[in-house]
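Visitor: Sequence:
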Amino acid sequence: MLSFLGEDIIIDWMQDLKMDIRMVDLKGQYDKIKPEVDKVLQEVIDSSAFINGPFVKRFQQNLEAFLQVEHVIPCGNGTDALQLALMALDLEPGSEVITTPFTFVATVEVICLLGLKPVFVDVDPHTFNLDASKIEEAITDKTRCIIPVHLFGQAADLTPIMAIAQNHQLKVIEDTAQAIGCQYKTNEGSQYCGTIADIGTFSFFPSKNLGCYGDGGAVCTNDAKLAEQIKLFGNHGSKKKYHYDSIGINSRLDGMQAAILDVKLSHLQDYTQARVEAADRYDQLLSEVEEIAIPYRDLKSNHVFHQYTLKVLNGKRDLLKEQLTKAGIPTAIYYPSAIHVQEVYASYHKGKAPLSVTEDLCQSVLSLPMHTELDWEMQKYVTDHIKEALKSI
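1157 is the number of the first residue of the sequence shown in our numbering; add one for each residue after it.
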C-alpha cells in the first residue's frame, strides 16, 4: 500500500509515529475483567446495599484471608486509614512521630492534623525507604510512634525498626499504600507488609496495585482492641446508632468499590507477576546505560513495583523527562520536593541537619510507565528513546 513512497520517506514516516504509552492503563486492565466487574456492579445496584452491607463484608473477609491478618477495617481512602491508625493509638498532643520526608504528603499530613509532631529521618540511598540506622538518634522522650513507608512497592527494613520500637516502647504503623502484596522476610518467615507492625494502612486509589474505581482504603491489625478503636473512630465515634463514645470521623468503603476490589483481589497475584516481569524487562533493557541507576531490589523482600523508579545521574533528569515528553512518553517524578523543605512543614525540621539522601533523590528520580498491560514492544520503545535522549543531552 505504501510502495509508491520512497524508502527514506517510509523510514521517516515510521519514526514520526508515536506509540500509545500510558503511565497507568486502567482501561486495558478493566477490559480483561469487564464481565466480572460489570456483573458485581449490577449486583450491588440490584441489592441497593451501597453503604456497608454484604459486599464490603465479603471484601473485608477475603482481604483478611489474603493478608493472613486478624482484622481488616475498610475505610474511605488511604489518608483516612493513616488518620484512623494514629487516632487508635490515642497519642497525647505534641507527641513525636518519626517518619520519612520522601513520601506522599498524606503520611505527614495526618500527623500534623492530629496535633502531633513529625520528626523526619533520612532514607536509605538504595531502597529510598526510611533508614533504620538513623532512627535511634532521632528518638526523644516525646517519641511515641514510627511510620515507615513501603515506597514504590518495596518493603522498608522492618526487623531493625521493630527492634528499635520494642526497645523504646514505641508503636509502629506501616504505610503500605504502595506495597500491597509485598512480603518481608522476618525471623518467623515471610509476612505481608502491613501485617507485621501494630497497624498497617492501605490505599486503593485507582492507580495502586490493588485499585478501585474511586477512593478506598483499609486498616489492618492483629490487635483486637486496636481494631475496635479503628472501627469506632471511622464510624463517627459510635458503636450504637446515635450514641457517641468518642469524637470520630466518617470514613467507609462503599459497596460498589468493595465489589470491584473483591474482583481485582482475585487477580492480584497475576497483577503482581505482570509488574515484576515488566520490571525485569526494563532492567534488561537499561542495565548497560551508564547514566541510569535501575531500581535496587532488597533481598529482604520482594518488590511489587507500584512504580519503576530510576535514578538519572549527572543532573540530566529534567532534560531526559523533557525529551521523553516530546516523544509522547509519560513519566513522573515522585517526589520533586521533599516534605521537610516545603513551607508548610519546614518548621518541624527547622535548625536540623539537611537530609541529603532525600534531597538528592528529589533531583534524580524518574518513574517510567508501570502497569499490568505493559509489553516488550512498549518498553523497547520507551527505553530506546531514553538511550537516544541521553546521547543528546
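Any given hint could turn out to be false.
Claimed, not checked - In silico DSSO-like links for lysine-lysine, alpha-carbon gap of 27 Å or less:
| no. | residue 1 | residue 2 |
| --- | --- | --- |
| 1 | Lys1183 | Lys1195 |
| 2 | Lys1183 | Lys1508 |
| 3 | Lys1482 | Lys1290 |
| 4 | Lys1467 | Lys1477 |
| 5 | Lys1188 | Lys1506 |
| 6 | Lys1536 | Lys1482 |
| 7 | Lys1395 | Lys1467 |
| 8 | Lys1456 | Lys1195 |
| 9 | Lys1174 | Lys1188 |
| 10 | Lys1456 | Lys1472 |
| 11 | Lys1183 | Lys1395 |
| 12 | Lys1213 | Lys1397 |
| 13 | Lys1364 | Lys1213 |
| 14 | Lys1547 | Lys1472 |
| 15 | Lys1341 | Lys1467 |
| 16 | Lys1273 | Lys1472 |
| 17 | Lys1174 | Lys1508 |
| 18 | Lys1467 | Lys1482 |
| 19 | Lys1508 | Lys1547 |
| 20 | Lys1213 | Lys1477 |
| 21 | Lys1477 | Lys1456 |
| 22 | Lys1327 | Lys1174 |
| 23 | Lys1298 | Lys1341 |
Just so you know, these hints were derived from the structure itself, not from any lab.
Visitor: Each hint needs a verdict: does it hold in this structure or not?
Guide: Tested hints:
For the proposed pair Lys1183 and Lys1195, the alpha carbon gap of about 17 Å is at most 27 Å, so the pair holds. Taken as a hint, the Lys1183 and Lys1508 pair is broken in the structure, with Cα atoms around 46 Å apart against an allowance of 27 Å. Under the criterion of a C-alpha separation no larger than 27 Å, the hint pairing Lys1482 with Lys1290 is inconsistent with the structure, at around 41 Å. Only pairs whose Cα atoms come within 27 Å are accepted, and Lys1467 paired with Lys1477 is accepted, the gap being roughly 12 Å.
At roughly 50 Å between alpha-carbon atoms, Lys1188 and Lys1506 are farther apart than 27 Å, so this suggested pair is violated. Of the pairs offered as hints, the one joining Lys1536 and Lys1482 holds, with about 17 Å between alpha carbons and a cut-off of 27 Å not exceeded. Between Lys1395 and Lys1467 the alpha-carbon distance is near 49 Å, which puts this suggested pair outside the 27 Å criterion. Straight-line distance between C-alpha atoms of Lys1456 and Lys1195 comes to about 40 Å, which puts the hinted pair past the 27 Å bound.
For the proposed pair Lys1174 and Lys1188, the alpha carbon gap of about 24 Å is at most 27 Å, so the pair holds. Between Lys1456 and Lys1472 the alpha-carbon distance is near 31 Å, which puts this suggested pair outside the 27 Å criterion. A C-alpha spacing of about 40 Å is found between Lys1183 and Lys1395, which places the hinted pair above 27 Å, so the restraint is violated. For the hint pairing Lys1213 with Lys1397, the CA-to-CA distance comes to about 19 Å; that is within 27 Å, so the pair holds.
For the given pair, Lys1364 sits about 21 Å from Lys1213 by alpha-carbon distance, which is consistent with the 27 Å threshold. Note on Lys1547 and Lys1472: the hinted pairing holds, with a Cα-Cα distance of about 11 Å set against a maximum of 27 Å. Simply put, Lys1341 and Lys1467 have alpha-carbon atoms about 26 Å apart, close enough for the 27 Å limit, and the pair holds. As the CA atoms of Lys1273 and Lys1472 are separated by approximately 36 Å, the hinted pair breaks the 27 Å bound.
For the hint linking Lys1174 to Lys1508, the alpha-carbon distance of about 48 Å lies beyond 27 Å, and the restraint is violated. Restraint check: the Cα-Cα separation between Lys1467 and Lys1482 comes to about 20 Å, which is no more than 27 Å; the hinted pair holds. For the proposed pair Lys1508 and Lys1547, the alpha carbon gap of about 40 Å is over 27 Å, so the pair is violated. Taking the CA atoms of Lys1213 and Lys1477, the gap is near 44 Å; set against the 27 Å cutoff, the hint is violated.
Between Lys1477 and Lys1456 the CA atoms are separated by roughly 31 Å; this puts the pair beyond 27 Å, and the hint is violated. At roughly 50 Å between alpha-carbon atoms, Lys1327 and Lys1174 are farther apart than 27 Å, so this suggested pair is violated. Simply put, Lys1298 and Lys1341 have alpha-carbon atoms about 30 Å apart, too far for the 27 Å limit, and the pair is violated.
Checked against the numbered hints given earlier, this structure breaks hints 2, 3, 5, 7, 8, 10, 11, 16, 17, 19, 20, 21, 22 and 23; the rest are met.
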